[in-house]
Structure formats: C-alpha cells, structure tokens
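There are 2 protein chains.
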Amino acid sequence: MAADELKLENQVCFALYAASRAVTSLYRPALDALGLTYPQYLVMLVLWERGPVLVKELGQALDLDSGTLSPLLKRLEAAGLVRRQRCAEDERAVRVYPTDEGGALRDRAMSVPRKLSGATGMGLAELEALRENLVRLTEEITAQQD
Amino acid sequence: MAADELKLENQVCFALYAASRAVTSLYRPALDALGLTYPQYLVMLVLWERGPVLVKELGQALDLDSGTLSPLLKRLEAAGLVRRQRCAEDERAVRVYPTDEGGALRDRAMSVPRKLSGATGMGLAELEALRENLVRLTEEITAQQD
DNA sequence: CACAACCAAGTTGTGCACAACTCAATGTGC
DNA sequence: GCACATTGAGTTGTGCACAACTTGGTTGTG
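As given, the protein sequences belong to chains A and B, one line each in that order.
Convert by adding 1334 to the 1-based position in the first sequence; the result is the number in the working numbering.
Convert by adding 1334 to the 1-based position in the second sequence; the result is the number in the working numbering.
Fair warning: there could be bad hints in the mix.
Straight line, CA to CA, 35 Å or less: simulated DSBU-like cross-link-like pairs of lysine-lysine [stated by the list, open to error]:
| # | chain 1 | residue 1 | chain 2 | residue 2 |
| --- | --- | --- | --- | --- |
| 1 | B | 1341 | A | 1408 |
| 2 | A | 1390 | B | 1341 |
| 3 | A | 1449 | B | 1408 |
| 4 | A | 1390 | A | 1408 |
| 5 | B | 1390 | A | 1341 |
| 6 | A | 1449 | A | 1408 |
| 7 | A | 1341 | B | 1449 |
| 8 | A | 1390 | B | 1449 |
| 9 | B | 1449 | B | 1390 |
Over the 10 Å line for every Cβ pair with chain A, so calculated as not near, a few chain B residues [unchecked claim]:
| # | residue |
| --- | --- |
| 10 | 1353 |
| 11 | 1384 |
| 12 | 1425 |
Below, a sample of chain A positions facing chain B; criterion: calculated Cβ distance under 10 Å [stated by the list, open to error]:
| # | residue |
| --- | --- |
| 13 | 1388 |
| 14 | 1394 |
| 15 | 1444 |
| 16 | 1464 |
| 17 | 1473 |
If you are wondering where the hints come from, they were derived from the structure by calculation, not from laboratory data.
All residues carry an ideal CB built from backbone N, CA and C; glycine is no exception.
Construct the entire structure; sequences and hints are all you get.
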C-alpha cells in the first residue's frame, strides 16, 4: 500500500542523512590531526588535484555557494594553506592558490583514506556500486530542479 | 593500485555528502510550506510514530545530541508544535509531547513524500537496496567507534 | 556612449551539528 | 548516610549550509 512506499521514502532519506554524518565523524579524528574540517578537506582535494581554481569553479565542483565558500576560504587562508588573488582578466573573480604549506599537507593527507577504508565493512565492488547509485540519485534530483 | 582505492574512498564519501544535501534541498520547498526544517521534520516523524518521547530517546532515534536537540525543540515549542515537560519520575529527563497543532500537521505532511518519490528516478527495489547499504554502512562505522 | 542586465564574491542572518562545558538529579560503594 | 561518579538537559562557541542581499565589475543593446 501507499503508506509503505511513503515510509520507505522517509527511511531512504534518513538513511542518507545518518550515513553522511557517520562518515564525516569517521573522518574527523584523522582530519583533526591535519587541522582541517571535512568541507575544508574537500576544498584541498580539489586544489591538490587541479591546482589554482576560481571560487566559482570550487563551487561547481562541490556544489557550494559563495555564502559557504567565502568564510571557509578565509579560514584556510588564515591557516596559511591557501592564498586568494583577484583575477587580472576579470576583476570580479578570485583565484584560490594552494600555498607551499597547503601543498605539503597533501603528503600527510594521503594516509587519511587508508586509515578509514577498512571501517566500511564493504568490499570495493560494493562501495563502487553504492557510489554509482548515490551519484545517479544526486543527478536525478538536481535535474528536477531546472 | 592503492591510489585508485583511496580515490574511490574519497568519492564514496563525497557522493554521500552531495547526495544528502541534494535530497534535503529536494525536501525543502515542501517542508517550507509546513514551516519545518528537515531536522525538525525528522523529530516530528518520531513524535507522530511514537507519541510523547524523552529528549534522550529522540537523540537515540536520530543520533543527535542535546546540543542540537535543545535549541531545535525550543523552536518547535515556540512554533506551537510541541510541548516540553520535566519527567515526574526522573526530574533530569524531559518528555516531548506533540500539541494538537503538531498532531494536525501530520495530515499535511503525509503528502510530502508523495511529491518527491518520483524525483529519485529509481524504482522501489533499487531504493530499498540503497537504503540497506546505507544502513549497513552506518552500522559498520558506528561499531568502529566503540 | 549610456545604461540596463548580468555576474562573481562577499556579507548577513538563521538553523543545524558537534565539542566542551555546566548544573541539577540520580545512582553507587563504602 | 554520605562522598563520588554518572546521567539528562541545557549552554556556549565554532564551523558549515543556504537564503537573501550588497557591491563592484563586466557585457550586451539601443
């Protein structure tokens, strides 16, 4: 009956909410040792992978707006991990550069996922399947919002 | 090689983070119409299902602590949806009761999941499989933290 | 050229999450 | 009976998310 379906719906969304917070809290001790929060870690991952990027590009990569990114980047800058500079070509835009210290943090961050990979209790294939389902779900949902 | 595995790890956790925010934003318009935030909606779901519960029980059901729940419940109380009362048997504990208005909101909330169930682009079986994987992942992770 | 439309960041305000702490009530061992 | 630990809520402080708005820069059009 319909009520089952509706209840299942709620459970999926709650499961997602709970799982996301659980994974973040699993990362927390390792990231604390690096002096990073989880969203800050995501920003650094983008910088380590791509090098200097515009704030706008960070926002597209992580699906975050300037209201979240501006203060976060200010804190990363205060921590000496990134540098911000206005674009010469377009004075509206700001490019984010990893500093030497920010780049060096990459080596220490390499060990973070290694510490956590065993904690999921799932095999690689299962994790990959889960990831693909999550990505598909996210894409379907964001497509609805056009 | 190891780097692939580590990168996959990151992607699973980012996929989770992104999917959770996407689902919450999908709920937002419907919940706005009810005057609820998503965490407030979760609290009301527990109250609708179980009736009056202790703050501690709410915390166990949603995996939230008093630092999150106390101000949230204060806002629900200010909105007239719940009432809080000290336990007679144990003066430390506080029981949360849905008000008449809070109970009546259930009928309007019934239509919320219906509006959203189609937006996932996934069938019931797929959603159930996804939910089970998420629950298992959450359980494995929280078991690590003992 | 003027000017409206648009755009990238940043700011402000609200509401979670979560750590660390306080406080009062309860439970425990001696 | 009484020190002492434990427990349940609440408070404080920090850092996201996100809506709404502001500011300064750019672009398109008449």
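Evaluated hints:
1. 1341/B / 1408/A: Distance of about 27 Å is within 35 Å: holds.
2. 1390/A / 1341/B: Holds, because 23 Å separates the two Cα atoms, which is no more than 35 Å.
3. 1449/A / 1408/B: With Cα atoms ~39 Å apart, residue 1449/A and residue 1408/B exceed 35 Å; violated.
4. 1390/A / 1408/A: holds, 15 Å
5. 1390/B / 1341/A: holds, 23 Å
6. 1449/A / 1408/A: Distance of about 29 Å is within 35 Å: holds.
7. 1341/A / 1449/B: holds, 13 Å
8. 1390/A / 1449/B: holds, 32 Å
9. 1449/B / 1390/B: With Cα atoms ~32 Å apart, residue 1449/B and residue 1390/B stay inside 35 Å; holds.
10. 1353: Not fine: 4 Å to the nearest Cβ puts residue 1353/B too close to chain A.
11. 1384: holds, 14 Å
12. 1425: holds, 31 Å
13. 1388: Where the cut-off is 10 Å and the nearest Cβ of chain B is about 20 Å from residue 1388/A, the hint is violated.
14. 1394: violated, 12 Å
15. 1444: holds, 7 Å
16. 1464: holds, 5 Å
17. 1473: Since the shortest Cβ distance to chain B is 8 Å, the answer is holds.
Consistency note: the structure conflicts with the earlier hints numbered 3, 10, 13 and 14.
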